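K.L.:
Below, each chain spelled out in residue letters.
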Amino acid sequence: MSTHTPHPDLSPPITNVGVIGWLRTNLFSSWPNAILTVAAAFVIFATLPPLIEWAFIKADWVGDSRDACTSGGACWVFVSVRFNQFMYGLYPEAEYWRINLAGMLIVALVIPLFVERFRWKLSLGLFILVGYPIVAFLLFSGGILGLEPVETSRWGGLTLTLILASVGMAASFPLGVLLALGRRSTMPIVKSVSVVFIEFWRGVPLITVLFMSSVMLPLFLPEGTHFDKLLRAMIGISLFQSAYMAEVVRGGLQAIPKGQYEAAQALGLSFWKSMALIIMPQALKLVIPGIVNTFIALFKDTTLVLIIGLFDMLAMIEAALADPNWLGYSVEGLTFAAFVYWVFCFSMSRYSMSLERKLHTGHSR
Amino acid sequence: MSDSNPDPAVSEKPMIELRQVHKWYGQFHVLKDLNLSVKKGERIVICGPSGSGKSTMIRCINRLEEHQRGQIIVDGTELTDDVKNVDQIRREVGMVFQHFNLFPHLTVLENCCLAPIWVRKMPRREAEAAAMQYLEKVKIPEQAKKYPGQLSGGQQQRVAIARSLCMNPSIMLFDEPTSALDPEMIKEVLDTMVELAESGMTMMCVTHEMGFAKTVANRVIFMDGGEIIEENEPEEFFNNPQSDRTKLFLSQILG
Chain E
1 MSTHTPHPDL SPPITNVGVI GWLRTNLFSS WPNAILTVAA AFVIFATLPP LIEWAFIKAD
61 WVGDSRDACT SGGACWVFVS VRFNQFMYGL YPEAEYWRIN LAGMLIVALV IPLFVERFRW
121 KLSLGLFILV GYPIVAFLLF SGGILGLEPV ETSRWGGLTL TLILASVGMA ASFPLGVLLA
181 LGRRSTMPIV KSVSVVFIEF WRGVPLITVL FMSSVMLPLF LPEGTHFDKL LRAMIGISLF
241 QSAYMAEVVR GGLQAIPKGQ YEAAQALGLS FWKSMALIIM PQALKLVIPG IVNTFIALFK
301 DTTLVLIIGL FDMLAMIEAA LADPNWLGYS VEGLTFAAFV YWVFCFSMSR YSMSLERKLH
361 TGHSR
Chain X
1001 MSDSNPDPAV SEKPMIELRQ VHKWYGQFHV LKDLNLSVKK GERIVICGPS GSGKSTMIRC
1061 INRLEEHQRG QIIVDGTELT DDVKNVDQIR REVGMVFQHF NLFPHLTVLE NCCLAPIWVR
1121 KMPRREAEAA AMQYLEKVKI PEQAKKYPGQ LSGGQQQRVA IARSLCMNPS IMLFDEPTSA
1181 LDPEMIKEVL DTMVELAESG MTMMCVTHEM GFAKTVANRV IFMDGGEIIE ENEPEEFFNN
1241 PQSDRTKLFL SQILG
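As they're listed, the protein sequences go chains E and X.
Quick note on numbering: this note's numbering labels position 340 of the first sequence as 340, and the sequence is numbered without any gaps.
Quick note on numbering: this note's numbering labels position 220 of the second sequence as 1220, and the sequence is numbered without any gaps.
Everything labelled a hint here was simulated from the structure, so no lab data went into it.
Remember, it's a predicted structure, so these values are computed and weren't measured experimentally.
Ideal placement from N, C-alpha and C gives every residue a C-beta, glycine not left out.
With the Cβ distance kept under 10 Å, some of the chain X side facing chain E (calculated, not the full set):
| # | residue |
| --- | --- |
| 1 | 1059 |
| 2 | 1088 |
| 3 | 1091 |
| 4 | 1092 |
| 5 | 1095 |
| 6 | 1099 |
| 7 | 1101 |
| 8 | 1102 |
| 9 | 1104 |
| 10 | 1115 |
| 11 | 1118 |
| 12 | 1147 |
| 13 | 1164 |
Next comes chain E alone, as it looks inside the complex (with noise of 0.2 Å):
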C-alpha cells in the first residue's frame, strides 16, 4: 500500500506577487487604468520636478530684505522678515510673551484630555471652554496685574485667526446641538424658533454677517455705546456656524432608530438625560466628519474678518505685500497662507478620523 505524499508548497507564481505583481493588479490591470497611470505619470514628471526646485533647491531662506534673493527660485526670506506680523499681528513686540504663554497654557491644558487614564476629563473639558477663555482674554488684552493693556484692533495674524476659530468652534458646537434638538421638539414655539434661526441664518452669506455687525449695528446701539469690533465678529460667526452646525447634527439625530429613545423612556430616563446619555453620543459619532467638515469652513471663513478691518493671518499677509519693498512676492506669501491653512485643517481631518476609529464599538444592527 502506497501512503499519500503531499505535494510540497510552491512558491505563487512571479507575475502575481511582489514589484510586479503589485504593478499589474493596481496600475495596469486594464487599457483605461494602464493609459491613467501613464497620464499621471507624465503630470507628476512635469510639474513636480520644476516645483521642487523653485520651493527648496534654487530657494533663498536667509537675509533681511529683498537683496537676499539672488538664487530666482522662492523668497522665502520675505515670509522670515514678516513672521512675526504674519503671527502676532500688530500686537506689541515687546509682549509677544503674553500670547505665547496662552498658546502655551492651551497645549499643557489639553494634553490630559488624550491621556486614557486621567479622570477630571470633565471638569478640565469645561474650564477650558469656560474658564481658559477667560484667563486668555485677560492676559491678551492686559490692564490688571501691571500688565499693559492692548485694544484688539491691534491683535491680529495669526492668533487672530486661531481666536475666531476656537470661539466660533466653542460656542457654535453647543448652539447647534440645541439647535438641532429645538428643531426636533415637539413643542410648536421652540420648533418654529430654531426653524426661524436656522433658516436665517444659513440663508445670508457671512460676509453680510459681518458687515451689518460692524457697520449697521453700531448704527442701532445708543449713542456713545462701545462694542468691541472683535466681539461682534465673535458673535456673527458663531451664531452664523451654529445654524449649519445644528442641521449637521440633526442628520445624527435622524439615523439614531426609534427604539433607542424607547428604550431610554422605557428604563425612566428623562429626556434631558436620555439625550446627553443615549441619543447625542450616538448621534454626534455619526456625524462626526460632517462636524469637522463645518470646523474646517469655519476656520478658513474666519479670514473673511479682514472686510470689516480686522487682521487676521491673511490680511496681513497682503498687507506685507502692499509694501513697496516687497513689491512682487505675493506667489511666496500666499504659498506660505496656503501651507499654514492647510496643516491646520490637515490636522483637524485626521483627528476626526483617529477618533472614529476609537469611538467605533461595531454596531447592533
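Assemble chain X onto chain E, guided by the hints.
P.N.:
Same frame as chain E, but now just chain X:
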C-alpha cells in the same frame, strides 16, 4: 378567583388595571374598550395576529404610547399626562423589546448600570455589583466588558432582560422578545424568561411561543382587531377555544 388559581405567587392585589381603554392613531381605532386586571405575580401571555393591537396595549402600560380614553392604573398610580406619574411608573415597569434596543455605544455592563446610576442615583460600585449579579442570572457575566454589537442576538436579548431587571422592577413587559431571533437562540431567551417567571415576577408577554404560554402563563389573552376576544387559562385556551377567530388563529400558528 383564588379557587381557580392555586398558584401561591399570585396575590389578590392588582398590579395593572385597564378600564375601558381606547386608543386611536388618527382616524384608526387601534384599541377598543380594553378591560383587564393583572394581579401581582401573575403571568399573562398575549397573542393574536399582527396588527391586532397587542404590542400597542403593552406599550400603553409604560406610556410609550398614549391612550386617549379610559384608565390605566399601574401599582396604584394612574397614567396621566403628569410627567411625575409617568416617570414613577416607568421605574416600576421593565420592558424588553423585539429588537433588544441595547445602547450600542456602551458596554454590556454600562448598559445595565446606566439607569440605576442616573435614575435611581445608585453609587456606581453598587450598581455594577448588582448588574453583575443579574448578568450572572441570565448567564452571560463573561460578556460584561463587550459591546452589544459583538454579541449574538440571543445574548443581546438576555442582556436586555438583565438591563431591565437592574432597575428592580415589579412588573416586566415583553414585546415579542423572541421573534427577531434565529431559531437556535430562542430557547436560551425563553429559559431566562421561565426562570424569571418562577421567581414570582409579574409579567405581561406578547409572544407566539405557545410552549412558553403553556408552561408559565396563568392566563392567555387573544386579541384581534384591537379587542380582547378571549381570555382563559392556558389549558382551556388551547384545548377548548371559544371563538372562531381564536380557533382560526390557533390552527394557523400550531399548524
